[in-house]
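The primary structure of each chain is shown beneath.
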Amino acid sequence: MPPFEPRRTALIAALSLCLAIPAGAQESRFGFGEPANPEQIAGWDIDARTPGVGLPEGSGSVADGREVYVQVCMACHGEEGQGPMDRLVGGVGTLDTDKPAKTVGSYWPYAATLFDYIHRAMPFDRPQSLTPDEVYAATAFVLYMNELVPEDAVMNAETLPKVEMRNRDGFYGPDPRPDVHNWPCMRNCEPLSPEVGEVEVPTQSEIQ
Amino acid sequence: MPREVSEQEVRAVLEAERAENIRGALPLDRRQMLRGAVWGGAAAAAAALARGAAVAQTAPAEGTGNLPPNTPEWMTQQGAPILSPPYGLPSEFEKDVVRQPTDLTATATASWSFTPLQDLHGIITPNGLFFERHHGGVPAIDPEQHRLMVHGMVERPVIFTMNDLMRFPAVSRIHFLECSGNSLTEYVNPEPSVQTTHGLVSCCEWTGVPLATILQEAGVESGAAWVLAEGADAAAMTRSIPLSKAFDDALLAYSQNGERLRPEQGYPLRLLLPGYEGNMSIKWLRRLEVGPEPWYTREETSKYTDLMPDGSARKFTFAMEAKSVITHPAGGGKPLGGPGFHEISGLAWSGYGRISRVDVTTDGGRNWRTAELDQPVLAKCLTRFRLPWQWNGEPALLASRAIDESGYVQPTREQLLAVRGQNSVYHYNAIQTWRLAESGEVSNAAV
Chain A
12 MPPFEPRRTA LIAALSLCLA IPAGAQESRF GFGEPANPEQ IAGWDIDART PGVGLPEGSG
72 SVADGREVYV QVCMACHGEE GQGPMDRLVG GVGTLDTDKP AKTVGSYWPY AATLFDYIHR
132 AMPFDRPQSL TPDEVYAATA FVLYMNELVP EDAVMNAETL PKVEMRNRDG FYGPDPRPDV
192 HNWPCMRNCE PLSPEVGEVE VPTQSEIQ
Chain B
28 MPREVSEQEV RAVLEAERAE NIRGALPLDR RQMLRGAVWG GAAAAAAALA RGAAVAQTAP
88 AEGTGNLPPN TPEWMTQQGA PILSPPYGLP SEFEKDVVRQ PTDLTATATA SWSFTPLQDL
148 HGIITPNGLF FERHHGGVPA IDPEQHRLMV HGMVERPVIF TMNDLMRFPA VSRIHFLECS
208 GNSLTEYVNP EPSVQTTHGL VSCCEWTGVP LATILQEAGV ESGAAWVLAE GADAAAMTRS
268 IPLSKAFDDA LLAYSQNGER LRPEQGYPLR LLLPGYEGNM SIKWLRRLEV GPEPWYTREE
328 TSKYTDLMPD GSARKFTFAM EAKSVITHPA GGGKPLGGPG FHEISGLAWS GYGRISRVDV
388 TTDGGRNWRT AELDQPVLAK CLTRFRLPWQ WNGEPALLAS RAIDESGYVQ PTREQLLAVR
448 GQNSVYHYNA IQTWRLAESG EVSNAAV
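Heads up: the sequence lines are chains A and B, in that order. No gaps in the numbering here: position 72 of the first sequence is 83 in the working numbering, and each next residue is one more. No gaps in the numbering here: position 213 of the second sequence is 240 in the working numbering, and each next residue is one more.
It is possible that some hints are incorrect.
[Claimed, not checked] BS3-like mimics (lysine-lysine), calculated; alpha carbons at most 27 Å apart, straight line:
{"id": "1", "chain 1": "B", "residue 1": "LYS342", "chain 2": "A", "residue 2": "LYS173"}
{"id": "2", "chain 1": "A", "residue 1": "LYS110", "chain 2": "B", "residue 2": "LYS330"}
{"id": "3", "chain 1": "B", "residue 1": "LYS122", "chain 2": "B", "residue 2": "LYS361"}
{"id": "4", "chain 1": "B", "residue 1": "LYS342", "chain 2": "A", "residue 2": "LYS110"}
{"id": "5", "chain 1": "B", "residue 1": "LYS361", "chain 2": "B", "residue 2": "LYS272"}
{"id": "6", "chain 1": "B", "residue 1": "LYS342", "chain 2": "B", "residue 2": "LYS272"}
{"id": "7", "chain 1": "B", "residue 1": "LYS342", "chain 2": "B", "residue 2": "LYS330"}
{"id": "8", "chain 1": "A", "residue 1": "LYS173", "chain 2": "B", "residue 2": "LYS330"}
[Stated by the list, open to error] To list a few chain B residues with every Cβ distance to chain A over 10 Å, as calculated:
{"id": "9", "residue": "PRO96"}
{"id": "10", "residue": "THR98"}
{"id": "11", "residue": "ALA137"}
{"id": "12", "residue": "HIS148"}
{"id": "13", "residue": "SER199"}
{"id": "14", "residue": "ASP276"}
{"id": "15", "residue": "GLY285"}
{"id": "16", "residue": "ASN394"}
{"id": "17", "residue": "GLY420"}
{"id": "18", "residue": "ALA464"}
Treat the hints as calculated values from the structure; they're not laboratory data. All values derive from a computational prediction rather than experimental measurement. Where is the CB? At the ideal position from N, CA and C, for every residue including glycine.
Please take these sequences and the hints and turn them into a complete structure.
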């Protein structure tokens, strides 16, 4: 094939695509890449978008989840979800204290996120090795440990998005920053107080 | 013709010289003999010995044999040949300039390492010193088997190979990347060195395809507002990106500082969102899904949200606000040698745009002077500032304060903590004060 052939093919592809685009969408296209077919997309589209769009078929109970948890979660997250790795349980009422514990029970706003995360990234040493049923079950058990679902709960694409999380309304936006304001004083300014616990508020007269 | 010398004889002379470090004191006839040997046909043997000498030497010479008036040892023999090694490495004398790990994480794969800012010059971070933040380790990806899938609310779901992506018109831009957790220790437990207080920021020239090009190629449907970016690592690291950013200045980068991405930086393909918190610039990018709303993944709910003193939390705080730090003199760097002239130098950057001014104080904030800015000053890029200073040898408190083109002024620590408290973890950008002792040692004034 002559060296200019790929470029010419691309140009022809781009031109033919341009012709196919209706008026109002004038941006040129190059035509590189291959169409993604539904089977390819299904294999890679592993996410569940809040409140639960994309959750797969399948289900898992708290009882099944206890078995999954003991087998593949407990070594890192502890018998009661206390750790040593990321703490999953407790911390309710601590978010406005000096030692906030951000757990599934105290901090996570959406239950579907738990499925999404376990499915894509857990267990730590074998991510994406659990079946959807096992992920639903592990999710159910972690929610049960946090007293967010009863012991007979079964999680699936319908029930999981309906779980009411304690910190559902704990997050706010849009981004309120810039929220901290400084004035670039140059002469005879209030000195910096970098030390922890020595926070002093400068008087107005001392700020240029 | 010089007389023939054996390799053994050459080696004996070289070793004697190295051992005693007395090159300049050797008798003239021995030096002449050695040079004669080199030009007389023993060049290969001598070069091999020189290579051996270069490798064997691990510390600077303590003697004075290489100093005036003597001839330095390295001028009297051939240096290492080309391709020593084929991919060049820093001088052996710079072997201590390396990234440093955090001691805060339980694993070494979901962890981070810091750039040695105290040892760097200019604004570009060498690729091997670029800070690391991984959530599931560094995958070893064969680019031939890597694919980027674009789907969701698009007219044409498409799969690109790396060759496909590299055919698109490309751009190169210089941008910083900063972990939103950079300086997180300074909220509560300040660190001693600039490497661990501020070393989660780095800066590269990035080359890649504008994300807008790829999204136009797929055709975004009306009603779409966000795009999910997903990595091909063990964490399948995932963040929701506003389409407004995607169409603004987002890049699909495959190169940094002229060479293909390092594995730690997302080889073969990463997202790059200039000015935004680093974790959103998804590495090892394998999938983009266009949708109507954010996904609320674990990394934008449980993590990377900013807890406020009242127990509420901010979500989707993307931009890294203006920040600066003096990198010389700085904690963890070389102590100042003594009173007299010293150039104070450091880095400033802002996710809101260009740095417009940096002020420096040497008296703990009572008085400030405006520093010089190295050109070019680029948007969302590290900017090097410099200020000449005569140190009188007395203890001093040094700090820098950045102002960006939006008018934002880097806050003091007490101003930041007064609003954010001490449990926010992310987005710490307060003024950093270094304490310079009479001895020339530098420490974190907040410790």
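Hints, one by one, checked against the model:
1. LYS342/B x LYS173/A: Judged against 27 Å, a Cα distance of about 22 Å means the pair holds.
2. LYS110/A x LYS330/B: holds, 16 Å
3. LYS122/B x LYS361/B: holds, 15 Å
4. LYS342/B x LYS110/A: Cα-Cα ~20 Å, so holds.
5. LYS361/B x LYS272/B: violated, 41 Å
6. LYS342/B x LYS272/B: Holds - the C-alpha atoms of LYS272/B and LYS342/B are around 16 Å apart, at most 27 Å.
7. LYS342/B x LYS330/B: Within the cut-off at roughly 10 Å; holds.
8. LYS173/A x LYS330/B: holds, 22 Å
9. PRO96: holds, 49 Å
10. THR98: holds, 51 Å
11. ALA137: Non-interface label fails for ALA137/B: nearest chain A Cβ at 8 Å, not farther than 10 Å.
12. HIS148: holds, 26 Å
13. SER199: holds, 19 Å
14. ASP276: holds, 17 Å
15. GLY285: Answer for GLY285/B: holds, closest chain A Cβ roughly 24 Å.
16. ASN394: violated, 6 Å
17. GLY420: holds, 21 Å
18. ALA464: holds, 15 Å
Figure legend: structure checked against the earlier numbered hints; hints not met, in rising order: 5, 11, 16.
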